[in-house]
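K.L.:
Those protein sequences? They're chains V and B, same order as listed.
The numbers in numbering that gives the first Met the number 0 rise by one with no breaks, and the one at position 508 of the first sequence is 507.
The numbers in numbering that gives the first Met the number 0 rise by one with no breaks, and the one at position 352 of the second sequence is 351.
Worth flagging that the hints you see were computed from the coordinates, not collected in a lab.
Keep in mind the model is a prediction, meaning the values are calculated, not measured.
We put the CB at the ideal spot given by N, CA and C, even for glycine.
What you were told as hints is all true, and nothing was included just to trick you.
According to the in silico footprint, chain V covers these stretches of chain B (three or more CB under 8 Å from chain V):
(1) 178–192
(2) 291–304
(3) 409–423
In silico lysine-lysine, DSBU-like type, Cα no more than 30 Å apart, as pairs:
(4) B/Lys-403 - V/Lys-77
(5) B/Lys-403 - B/Lys-474
(6) B/Lys-71 - B/Lys-200
(7) B/Lys-474 - B/Lys-250
(8) B/Lys-200 - V/Lys-673
(9) V/Lys-414 - V/Lys-673
Here is what each chain is made of, one letter per residue.
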Amino acid sequence: MPWRIGVDIGGTFTDVVLADEASGAAAVVKVPTTPRDFAQGVVDGLRAAMREHGVAAADVVWLAHATTVVTNALLEGKGARTALVTTRGCRDVLELRRSARASLYDLFQDAPAVLVPRHLRLEVTERVDAEGQVVTPLDPADVDAAIAFIQRHEVDAIAVCLLFSFLNDRHERAVGERLRAAFPDRPVFLSCEVLPEIREFERTSTTAVCAYVGPILQSYLARLEGAVTVMGLPAPWVMGSSGGVFSVAEGLRMPAMAVESGPAAGVIAAALVGRQRGLDHVISFDMGGTTAKASLIERGEITTTSEYEVGGGGNVRRWLHGTGHPIRVPVIDLAEVSAGGGSIAWIDPGGVLRVGPESAGAEPGPVCYGQGGTRPTVTDADLVLGYLDPVALLGGALPVDLARARAAIEREIAKPLGLGVLEAAAGIIDVVNAGMAGALRIVSVERGHDPREFTLVAFGGAGPVHAARLAEELEIPRVLIPPIPGGFSALGLVATDVRRDYVRTFYAPLAAVAPGDLAAVYAAMEDEARAMLRRAGVPEARWELARAADCRYPRQAYELTVPVAGGPVDAATLARLGRDFHERHRATYGHASPDESVQCVSLRVSAVGRTRSATALPGRDKPVGGLGAIRGPQHGQAAIRGAQHGQAAIRGPQHEQAATRAPRRDHAREAYFKETGVVRCAVLARDALAPGERHPGPLIIAAADTTVVVPPGWHSSIEAGGLLALARA
Amino acid sequence: MREVDPATFEVVKNALYCAAEEMKIVLAKTAYSPLLKIAGDYSCGLFDVRGEMVAQGPDLPIHLGSMPLAVKAVIQAFERVEPGDVFIHNDPYFGGSHLPDVNVVTPAFHEGTLLGFACVRAHWPDIGSATPGSYGATTEIYGEGLRLPPVRLYAAGVLNRDVDAIIFTNVRTPEERRGDLRAQLAANQRGVTRLGELARKHGVARLLAIMQEVMDYSERMMRGLLAGLPDGTAAFEDFCDGDGILDNGDKEDRPFWIRMCVDKRGDRLTVDFAGTDAQVPGPMNAPLNVTASGIYCAIKMIADPGDLVPPNSGCWRAIVLVAEPGTVVSAVSPAPVVYANHEISHRVCDMLFGAMAQLAPERVMACSQGTSAILTLGGVDHRTGGRYVSYETIKGGFGARPIKDGITGVASGISNTMNTPIEVLEMSFPVRVERYAIVRDTGGPGRFRGGCGVERVWRILGRPSTASVCLEHTKSPPFGLAGGGPGAPGRIAVGADGAERELVSKGAFTAAAGTEIRLRAPGAGGFGDPAARDRARLRDDVINGYVSPAAAAAEYGNRDADALACPYCRGGSA
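Construct the entire structure; sequences and hints are all you get.
P.N.:
Right, dumping it as structure tokens:
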């Protein structure tokens, strides 16, 4: 029986998902994350999950995992000591950045971190001009001096970025060859290999990020690969920032691709739901304890951005360069806001109710957890409003103190604002929803999409509580909630494809492009892509190569990516590209100039090796939820319980115990909705809902690892595969 | 007290600010000139029916004070506005700031009711005049370029071709300017669309009430924050290098003085410019609303460093400015203004920190680079035969703070534009950047060091180029505070055939092909006694070449040169 396994390392738990390739059934097992050695947690989780579900290593055909090591190394500043080699006169480009400050009025803002300290930034005499012509030859004596310097210093990795190497890489490759020969044991990253794209700061930054995290990723993946090989498991795939997996060898060539690995998995899982349900427009919405993340999925395809900064402040403002390290690789287009169950509500000096960005986190947690929290959080508000079980959360595993939550909201919010406790709690929810709506707006409206055409796929511990109200805010008509919202992200790991994106600068007015030139660049990238897919062992029948071109009006600075048809390139292909560009410009920005010429800037090929899951996992009658047999929640409870009390072991007997505890049956409790005030509201157990039944709101649906709130004006129904659908009545 | 509940208020307030931010994105992504699309020299805002600013995008503080006047000028000039109207203007003496800043104002309606206005102010790299880039040193505003009072560019959706023709006949590289204007129109369209949606969703009356409440809210918060600062009065004075006009055979530009007295009492703050010099012949004269932007920026950073108060017209009701008309901080027509827009607003911003250091020393920063450090180039590109105009600003030091070093190479004070990447610059214009580098020993010494100065060196390629520069703090070094030393002054020089010639800080000149233009943006002042600087930080400064070993000894009193050696270096120094 072939199995696919995915492992998602989160801040608190490592989720292991097992999927039976034949039936599509899946289960999730949670074990505590081991921050000192993540690979250990992965191995623990794999052992536990395989033992519990009787999976033999020989039956595992796919192993993929999402790693946080790259993101963590950047956030914590614990990467390799890196040297950088640049064109003479340009070693400070990395530090001088784009010169805008990140926060306009923050007197005490920090200088952005610099990955390579100034004394390890070395210059060589050479110059290529804007036409790609060498105007100053490379001085070999400078390369000798750089090598000598690096030999005298503790340096673990080297990055090289010379001006205009995206037009002419001769000098950069010459420097690279010398360095690789001199330092065979240290990784050397060249900007022309990592990112042959215009803009020296962004290219240098991307190359430096690769060098900075390269050695750490290498040692981590080597340990992991060794450990799983010993267990008899197949080589692990790594989830990349663009939502596809890559092989270990591929990742070491481009370590920046492993940024945002975990969040990407969640979006992929949501995309799978969209594909299986035949939905053209989906927004994935993942709300946990401290942040909420949203991403757009169109016709089953995720969206990516190459304007991403890693290791900075929240990327809602990523538009303003300034806080993190830009990496110009495709990163799943996530809008992230500091809004989660733990977000703290407060009143600002102007007397206005605010929520977040400060979070009570896991410690002390919301007031109602009784672990020392005193400032009211979103979870406390949910509890006071009657949305959450007033006795205990997580199916009884986590006792809560309603009175304490009420008192905190009354003291901190209601009294100062002259409101009732319920009104204050409802206000907290409205405000946090407004913040999250901002994130959803960024990925929808701001991209020129109408949210009214979308379905929200809501997951994460707090997502289903807030999803319907949030959908109202944006006039999204429908919400889908997967069977185990808390472990949903890991599903993306067993349901994704091998993916790699290629880009080449192709700077020419579209009208002057010879079809043959365009075809040659695409062919070169496609050859590279095919070689990658071949190395990855994906059968040729499942290869998909898609072309695109980045275009703009000649004097603009930002491009729009326009798909280009495959096959032979002729004049008609180019004419079509021009028309499509004008159309996309109009759709995105509200105007177009069809009389103007179009500038082609870069060409792209995305290579996808479809895996069985995406193409042949059970179809529409049995979507992700075919994962019906999920037994995760019980583990989830046990695990969370364990962690609350600092216990590590969560497997075995506890699981048996939890599994036999039936969820509480239907009853009712009082809940507050702004349309109705306090109403007696039915509480249904999710397990007890039968397909085809429709239940009108106000209604609360209790599931083991979350609560679903169905406000007045909405109704719920169970759809095929255990998806819970909420829709406007 | 309130007509709307706190939650709805927060939701609509956020939606207004999101809309202003969306306008900014639309503009950047569709504009044509590097100054807008890459450097981001523009501001976007939403305004009420009286022209008060309700929400500003996360853009330039330089426009804080004068944006409302841009909309009020339109309201004053036109009795009636209708759906589909669009107005354009740039007169510094009637709602503008300096001629290159072109305001486009679009009214927003819902079912025939005026909701307010969207306005984008964008710096066009050229607005005519004798000099490409419109940055020459003239003695009257008539010489500074095309001056447009508020005029209707579109009437009920129909383009006024006469106005359009006048504008594009008077500016260089009109195709590029057209692209910029289209981007401004699109950004405004996005803003008025969002206002209309909010009206549909919440009702016109409710939306209009919330728009007022957003400003009242900012006022309440700002007053609360001001009340938290110590009361008292403080005076500060500083001089500017000059106005770029050399009269009667002068070899040097003539400095002039700005003087301010700050009176902080309760929740009010008054800044009186008594004793400030009379307006000058060259374009260093600021209309009062330009001066106000600099003051507002400093106050916001001092009173509200956490950026809790949404920037809008309400913020500034607690601030009173007193200035004699006809002085450099309150110019009257026809004084030329182009440099003053950023140079005077930069200066008064830094000066307010200097004055407030006497009242609230833990809430201020030492003087930053205090200048926009501008180079414009214009001519014919030998590669294409087409005309070009380039406009760049160079960022040097950000001032040291009471608990932190300054920052190097980042925009300070009223500015927040981005640099133009070398590769983009060289593909767009016939120049080569030979150096873009941090300059050693330019950050003011202090327990906390000021940000370093930065130098950019351009070589002119192919054909001669008409260059103009605008720089300050070439003679008056950016001051330090609390015992910290000043930052190193800025500098502008041209080099050809091995010789170098230093230039006056402002004005136009012709640069032959092959000439190198070297512009150094000043470093920033330090904070606190340099002798108290942490020795590990000093060592890092020396290892990384921000401070020389000689300066470590002379300025910081370091007696142990070996203690500054690089710990990562095996066998010998770098």
